[in-house]
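Chemist: When you get a sec, could you build the whole thing from the sequences and use the hints?
Chains as they are written, first to last, in our numbering: chain A, 1 to 325; chain B, 1001 to 1524.
Hints are computed from structural coordinates only; laboratory data are not their basis. Where hints are given, some of them may not hold.
[Said to hold, decoys possible] Restricting the straight-line Cα-Cα distance to at most 25 Å, the calculated cross-link-like pairs of lysine to aspartate or glutamate (DMTMM-like) are:
#1 B:Lys1160 / B:Asp1125
#2 B:Lys1193 / B:Asp1210
#3 A:Lys122 / A:Asp52
#4 B:Lys1193 / B:Glu1103
#5 B:Lys1504 / B:Asp1061
#6 B:Lys1077 / B:Asp1096
#7 B:Lys1193 / A:Glu48
#8 B:Lys1439 / A:Asp218
#9 B:Lys1160 / B:Glu1115
#10 B:Lys1504 / B:Glu1063
#11 B:Lys1504 / B:Asp1259
#12 B:Lys1313 / B:Glu1301
#13 B:Lys1077 / B:Asp1134
#14 B:Lys1077 / B:Glu1470
#15 B:Lys1439 / A:Asp52
#16 B:Lys1504 / B:Glu1023
#17 B:Lys1160 / A:Glu84
#18 B:Lys1140 / B:Asp1468
#19 B:Lys1193 / A:Glu92
#20 B:Lys1439 / B:Glu1301
#21 B:Lys1439 / A:Glu48
#22 B:Lys1504 / A:Glu84
#23 B:Lys1160 / B:Glu1103
#24 B:Lys1140 / A:Asp46
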Amino acid sequence: MTAFVIRRLLQSIIVMLAVSLVAFVVFRYVGDPIESMVGQDMRLADREAMRDRLGLNDPFYVQFATFVGNAVQGNFGISYRLQEPVTRLIMERLPATIELAVASALIALIFGVFFGVYTALKPKSPITATVMTLSLAGVSLPTFLIGIGLIYIFAVELGWLPSFGRGTTVMVGGWRTGLLTESGLRSLILPAITLSLFQLTLIMRLVRAEMLEVLRADYIRFARARGLTDRAINFGHALKNTLVPVITITGLQLGSVIAFAIVTETVFQWPGVGSLFIQSVQVVDVPVMAAYLMFIAFVFVVINLIVDILYYTVDPRLRVGTGKR
Amino acid sequence: MRKLLLTASMLAIAASALPASAETLRWARGADALTLDPHSQNEGTTHTFAHHIYETLVDRDTEGTLTPRLATEWALKDGDDTTWVFTLREGVTFHDGAEFTAEDVVFSLDRARSERSNMRQLHADVESVTAVDDYTVEVKMNGPSPLYPNNLTNTFMMDKTWSEENDVVEVQDYAGGEDNYAVRNTNGTGPYKLVSREVGVRSVLEVNADHWGDAPAVTEIIYTPIADPATRIAALLSGEVDFVQDVPVQDIGRLSETDGISVTNGPENRIIYFGYKMSEEPLTSSDVTDVNPISNPLVREAMALAVDRDAIKEVVMRGNSLPAGVAMPPFVNGWTEELDAYPAPDIERARELMAEAGYENGFTITLDTPNNRYVNDEAISQAVVGMLGQIGIRATLASRPVAQHSPLITSGETEFYLLGWGVPTFDSAYIFNDLIHTKEGNYGAYNPSGYSNTELDEKIQSLGTQTDLEARDATIAEIWAQVQEDRVLLPIHNQLLSYAMQSKFNVEVHPENQPSMADVTISE
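Modeler: Set out below in structure tokens:
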């Protein structure tokens, strides 16, 4: 097991290098960073000098090598836009993104499994019909539209919830959290729902399909014949057997939630890494973009690793042949 | 939220014994200040924020005229037209209590023109800065620079001692990787002090009770960047912010009809225009391969007649623009009503001109446009593509973010493009230097047209050193006459700015889009 984990972590380094290499090839097509760093009256000669100083005239592989060389020493450079160390910028914003991602993943998982089981068990109920129709909207409406819609209903018309930001935050041991204040929790509701909606409907439909499949299986019929309670059958046997694909999807989606919180963070002015990234792309802030992409690659590798480990615990069959003695 | 703010402001009153009429203004705009270091970025949002904490020697009011700030008087030295003498305001202190004197001005101007400063271009003609006494500073120029004070409206004054103590004598070095204290910390002389700042989230400023000026009505500013326009407007409608600076044009009409919200309008110092290659070598993006069709004056005239500026104003800008006949905002020295008169569109005549030029079947060309820089920039270009189509010019639109668009212009790769030009010095020379003068050396950086007129270039260069202002204005008029005759630029309109706010506040539109919260009035 340990060897497996170590091997995976080593693989992750290769993945991250590959991601940043691709990133550096692409960066030259994003635009000219100098453009947003200087005023319109900066002379061309001064611009050229600045470009030289920042190494932007070097071929991409030289820029890449410099970046990797510094990154190995833990130095991701200074943001062109905000003039602060990139590591600090990302670390300051990471708690916001993680709190949002975890909150929305929890919402998606809890409600997704609940509705998935319900709609599978009661396929003819009018509630099922309603939920299924609404879930169509969940998968097909773009995130920014849902976000703006929720803002207009709950912030502008009803005035119940704040329309932007993270509310009041407190520092707990270097982690800036919004979970401990009332305004922080209230601010979390709308973005978390917006971000979770797609995953929620995805998990719900997945659980439903798997459940319907499993409920037709022989062992369920035999369980019923044995006179087990509905509860034991539905949750003890049926649901447990649907979990492998659900864990895979939820795990991968958590990665996407962190990586693609960009839109939700922008709509709600959520001060996370996603909105930092999108602002950096607009002004071609190469150091931030490179560090962010490496970070996201790392997140995906780690999540995949955790998902693989979870398989072993959920499905005993997979434990065979892992080299235990 | 409301309750919380109320408690917060009550606490503030208890803590610092502010006047009883403590007023908080919650200010939202599209972006945050990039840095608090006053000399490292020459960028509007950053300057606007800095103006509340730091101060400049001279200022520009909402009319666009220069007004005294930390300098009470400025004049050319007697018998020496290359030296400017600034008399400083006495009794001004920095937020840490240090006194503001001439040595701080010398330090700040030297810092602003140091190699890593992005303000240095504005001080390129300065040879040396010296303190004559505690309240007099002399700035020696390379040559006569009659308009140098115009360049000082965004150059902020820092405290020399504070800067030395905190090791910020130098401006932030991007390449070096050092973290600079001045990026996050301030010590200015301005009407507000920085209380707290979370970059990109929220900055809180409180009134500086020791400021030399009149006490502002707004005693606390909470500044929150909100990038998404729909969210920004929603926050105003839900009462979570008091003042929105960047209002999308499509929301202006609705907001001004909303109870409790008021909208102020005014022209911005920014002209939107089209430029094109004018030299004779054939265009790479055109099907006319022997010669550049636009080098023919008849074609340029036809293009000017094909563009319907009023239609762009009504349809694309929803009424929020000031159509222009000259590529110069109305505040700028040299502007006249005659120059700014624009022709009524005349498609018939334009088609005749095209036929006369030998292009009755028209030609193709690529139009480069930015899509995230100016108000509805891409939509303006789309409209113009349609209008030119009516006279047979089949333009293909190439739309890019500004980070990719601008290099096309500075490198001269574009053949037909949209650009906006702000004139921070409020003088025509600023336009001529970069847009009209032949592209060479320090001139013509944004002139990819290939237009080159030696006689005109000489006149443009003479403006830099001409101290007889009357003669200078006459030269400016001559240059504009030639530029208009040759149709070097195809002006469309000046952008209008709109601010939206809760009705009890009144924020006037500033032509440089740099409103000061210290000037905001409050009605009960």
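Chemist: A separate judgement is required for each hint: does it hold in the structure or not?
Modeler: Here's how the hints hold up against the structure:
Proximity of Lys1160 of chain B to Asp1125 of chain B is assessed by CA-CA distance (about 23 Å); at most 25 Å being required, the pair is judged to hold. Note on Lys1193 of chain B and Asp1210 of chain B: the hinted pairing holds, with a Cα-Cα distance of about 10 Å set against a maximum of 25 Å. At roughly 67 Å between alpha-carbon atoms, Lys122 of chain A and Asp52 of chain A are farther apart than 25 Å, so this suggested pair is violated. Taking the CA atoms of Lys1193 of chain B and Glu1103 of chain B, the gap is about 22 Å. The hint holds against a cut of 25 Å.
For the suggested pair Lys1504 of chain B and Asp1061 of chain B, the alpha carbons sit about 22 Å apart, so the restraint of at most 25 Å is met. For the hint linking Lys1077 of chain B to Asp1096 of chain B, the alpha-carbon distance of about 33 Å lies beyond 25 Å, and the restraint is violated. The straight-line distance between the Cα atoms of Lys1193 of chain B and Glu48 of chain A is roughly 37 Å, outside the 25 Å bound, and the hint therefore fails. Note on Lys1439 of chain B and Asp218 of chain A: the hinted pairing is violated, with a Cα-Cα distance of about 82 Å set against a maximum of 25 Å.
Restraint check: the Cα-Cα separation between Lys1160 of chain B and Glu1115 of chain B comes to about 18 Å, which is no more than 25 Å; the hinted pair holds. At roughly 23 Å between alpha-carbon atoms, Lys1504 of chain B and Glu1063 of chain B fall within 25 Å of each other, so this suggested pair holds. Restraint check for Lys1504 of chain B and Asp1259 of chain B: satisfied, since their Cα atoms lie roughly 12 Å apart, inside the 25 Å limit. At most 25 Å may separate the alpha-carbon atoms for a hinted pair to count; Lys1313 of chain B and Glu1301 of chain B meet this at roughly 21 Å.
Taking the CA atoms of Lys1077 of chain B and Asp1134 of chain B, the gap is about 17 Å. The hint holds against a cut of 25 Å. Taking the CA atoms of Lys1077 of chain B and Glu1470 of chain B, the gap is about 19 Å. The hint holds against a cut of 25 Å. Restraint check for Lys1439 of chain B and Asp52 of chain A: satisfied, since their Cα atoms lie roughly 22 Å apart, inside the 25 Å limit. Of the pairs offered as hints, the one joining Lys1504 of chain B and Glu1023 of chain B holds, with about 11 Å between alpha carbons and a cut-off of 25 Å not exceeded.
At most 25 Å may separate the alpha-carbon atoms for a hinted pair to count; Lys1160 of chain B and Glu84 of chain A meet this at roughly 23 Å. Our distance criterion of 25 Å between C-alpha atoms is met by Lys1140 of chain B and Asp1468 of chain B, whose separation comes to about 19 Å. About 24 Å separates the Cα atoms of Lys1193 of chain B and Glu92 of chain A, which keeps this hinted pair within 25 Å; it holds. Restraint check for Lys1439 of chain B and Glu1301 of chain B: the C-alpha separation of about 24 Å stays at or below 25 Å, so the hint holds.
Distance check on the hinted pair: Lys1439 of chain B and Glu48 of chain A sit about 16 Å apart at the alpha-carbon level, within 25 Å; holds. Of the supplied pair hints, the one linking Lys1504 of chain B and Glu84 of chain A is violated, its CA atoms being roughly 38 Å apart against a limit of 25 Å. For a cut-off of 25 Å, the pair hint linking Lys1160 of chain B to Glu1103 of chain B stands: about 7 Å separates their Cα positions. Distance restraint check for Lys1140 of chain B and Asp46 of chain A: the Cα-Cα separation of roughly 23 Å lies within the 25 Å cut-off, and the hinted pair is therefore satisfied.
Violated hints, in rising order: 3, 6, 7, 8, 22; the structure is consistent with all others.
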